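Chains A, B and C supply the protein sequences, listed in that same order.
The first sequence runs 0 to 283 under numbering that gives the first Met the number 0.
The second sequence runs 0 to 365 under numbering that gives the first Met the number 0.
The third sequence runs 0 to 314 under numbering that gives the first Met the number 0.
Hint data in this document are derived by calculation from the structure and do not stem from the laboratory.
All of these numbers come straight from a predicted model, not from anything done at the bench.
Heads up, a few of these hints could be off.
[Said to hold, decoys possible] BS3-like, lysine-lysine: derived pairs with alpha carbons at most 25 Å apart:
#1 B:Lys257 <-> A:Lys205
#2 A:Lys176 <-> A:Lys119
#3 B:Lys298 <-> B:Lys257
#4 B:Lys298 <-> A:Lys205
#5 C:Lys79 <-> C:Lys206
#6 A:Lys205 <-> A:Lys176
Here is how the chains run, residue by residue.
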Amino acid sequence: MSRSRYPVWLILAVAVALLWTFLPMYWVVKYAFMTKSEIARFPPELYPHAPQLAAFYNIFGFDYTAADGTVFPASGQANQIMLGLRNSLLVSAIVTIVTMVVVLPLAYVFARMDFPFKGKMLAAVLLSVSLPPVSTLIPFYTLYVQLGLVGTLGGLVIITLTITIPIVAWLLIGFFKNLPPIEAMGRIDGFSRLYIFVRIIVPMAKSGILVAGVIGFLFSWNEYVYAQVLVTGSDAVTLPAAMSGFLFQVPEPAQLAASLFLSLLPPFFIAFFLQKHVAEMNFA
Amino acid sequence: MARIDLQNIVKRYGSHDAVSSLDLTIHDGELLVLLGPSGCGKSTTMNMIAGLTEPTSGRILFDGKDVTDTSPHERNIAMVFQSSLLYPHLTAYQNIYMSLKRSGLPRNEIEARILRAAEMVDVRRLLDKLPGQLSGGERQRVATAKAIVREPDCFLLDEPLSALDAALRMSLRAELVNLQKRFNTTMVFVTHDQVEAMTMGDRIGIMRNGKLEQIGTPEEVYNRPETLFAAGFIGSPPMNLIEGEVVAEGGMKVFACKDFRLPLAGAFAGMAPASAAVLGIRPYLMQLAGSGPGALPMKVYAIEQLGNEAIVIADTPSGARVRAVAPAGFHAQVGTVLHARFDPADALLYDPGTQRPFAVQDREAA
Amino acid sequence: MPSLPQTAGADPAAAAAAARPPRRKELSNLQFALVVTVPVLLFLLVVVAYPLGYALYLSFHEIRFFGGYSAEFVGLANYKAALADPKFWRSLGLSLRFTVETVVLTIGIGLALALVLRDLKPRWRWLRAMIILPWAVSPYGAGIFFAYFGRGQTGIGTALISAFGFDGTLNLITQAAVIEYLALGAAWNMAPLVAFFLLANMLTTPKRLYDLAKIDRMRSYETFWHVTLPPLRFTLFVFTCISTVLALKTFDYIFTETQGGPGNSSTVLTYLLYQISFVNLDLGYGAAMSFFLLALILGTTGLIYALWGRREERK
């Protein structure tokens, strides 16, 4: 069919790359479609022999009756999973919006204006990226206990912002730096700084802003360490924290795989549609 | 229309003076070109005229009115930016419209003006296009339309043609000059290209290291460069510069170097002897000739045929590279030794210490 | 007495001020910057100054929870104890081993993926979108994937040997090589992003350079070395820094994958810190040790910059 043929090594290389990419994921995601006995079988099964969706029903709190009459009872963690799904969406959405509102003017100013202590402040922002969460957790935990923020969505939003803000700022500063000197033209045309920023720079930079925002969403959606400590078992639990119940408390590989699969859908969707833009980001 | 005065302008960045104590007057209706290598302060100067950059000290006057503290928009200027910058997310029409958005003119008046401006630079059919869909030359025309639509007191152009190819540059150059003469509006044009400066400017201001080296008409800066830098920067092919000394010999002043000795004539015959001097002579004033006293020996390095003439590029025995103009079709083997002569009265003599021409007592005037 | 004409009671300074043209109504750079940087300063106070300050306070104290909370000032004792603790040095070694391996694998695999993706014909470009997916997987998710993927009971190793007719299990998560296995998974997670940035760089390399290499009869590894690689150097440097910092900070990935095991063979510094602070609740000691980790992160990136980054910047 193909007019120009690929060399064998390239076909092989592509096959290896695809295997490398998907095999580890497939290995766990297949559990979502297997029965308990299938999962427990030794040596491990390579694929579900009778694929069924019981795990997906169970994590949402429904019993599932298979064709042969076997009943898969609803998961005891279903409540947490559903709460987690809702909270993860809520937290990530709020975090993304707040991050963008804070970071857009900040990144703009750092990228395109000169003012005293700019370099030092930028270094401090970037330093916060290299703080390991395990060492900042205790101070935050004590503070949160005093302020009554443990187990609240608000508390989780605030702490997640400490991750997203520096990263998104870093991405956007690089992006803004590469814009042409459009402010000078705007000032000649008689516009205020605010107008130039809101009505000219932001529309010009919308693809970069979209990418940075989505990456902020992704970091928030994938955050686990803080959530595990601050909101596990509470009404503010997020999906990753809820899921870890299947890992550590009552090992349920099928339900773990099903919820992991669910949690991966938004990031996959994002990655798939943004892959063209990802590499447009520049380094500050 | 406006006359612009810069009075003792200084722009300091940290400890570095981008522009140092600059005095400059741009006459009403004049096309002034600011010429210089990158980093010479020409763009900073233009930004200060525009009001985009605040001078550290000094005053800027428009028609005698102090505008140092006013915003760019209040100065009623129009500016075309490097590479003819346009708002990339707006169409050509919207780009031109942005010039008048804050003008307070009625809507129909704005529309009429935009169409008139577009007509004038022949971009009417491009009005719905985005800058990304326009060629370099078309973008330049839209940027020009955006500038003229405001009917400003002064046009400021910051290397608008630098991203274009040579042929396009030449035709747009003429268009811009024609436009400026028709409107009779003051224009400041910044460039690092001396050909552009010579062909466009009513006057040329040559800048270097934040200072104005010389300002004058193209003829003045070409024929009487006031500094060694101006001498080497203006003219294509550039002026030949030969290092040596000036000695007194039997009542005459003679320029002497390893390559040749030349009795001085004309104005510089009256100068005092100097242990270091640089002799400047335009290639067009050198003729190939036979050897003998006063002839400069030189070894052919390359010959450029220009069709109407040929340029001989050659090295003197002491290693200076010089150029001389020869008739069209002139040929010589590389390495051939030729001689060139010129009228000593045409030579300019510079003091390498001050970088300026030597002072002469004008005997005729005395 | 002759006097200059003067308006009554006029203060010369006030007159001068009145004569000055009105200042711009617009905000200056500094004012505009201040408006947006005040939130930044607040943010930094909360995110950097507060936790660091509190951790500093903790690190000089012995915190006890038994018989009521108490904090006793102990000076540098916690720092000294950390330096004398063989567990600390062991974990430090594991962290460095994990980091070096992760960075090398991430960069190497990223480069390999980019080269494969570059040569795809337009019809197969959608594969590029597939290859980036692991990057979207969270570290805890990657930990779960690689936990099941590697274990003897459930993993690919056992599945493979049984396919060839062998009995028994092949465990990939072993005491000896767990760090290598972890590094491989970390690279799986991060390499696609590296590949995408490298690919973007590769696509801007002029085709003519490859023609030139052909004319010069370069061998394929020479072409790679002299044509493909040079434009990628800055991106490679940036990602070396990023993946170094991320690898040294890694916690959730190891937490879900090995919990520091088998035994304590993957108890890297972050995991040790977690055990000290959250399991043993020895907060003062944990805080002191976390400063060594922070110093390690800053020191390593500083070193990479000094050895490599400065050269890249000069270009």
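Hints and how they fare:
1. B:Lys257 <-> A:Lys205: With Cα atoms ~66 Å apart, B:Lys257 and A:Lys205 exceed 25 Å; violated.
2. A:Lys176 <-> A:Lys119: With Cα atoms ~18 Å apart, A:Lys176 and A:Lys119 stay inside 25 Å; holds.
3. B:Lys298 <-> B:Lys257: holds (15 Å)
4. B:Lys298 <-> A:Lys205: Answer violated: B:Lys298 to A:Lys205 is near 61 Å, above 25 Å.
5. C:Lys79 <-> C:Lys206: violated (59 Å)
6. A:Lys205 <-> A:Lys176: holds (14 Å)
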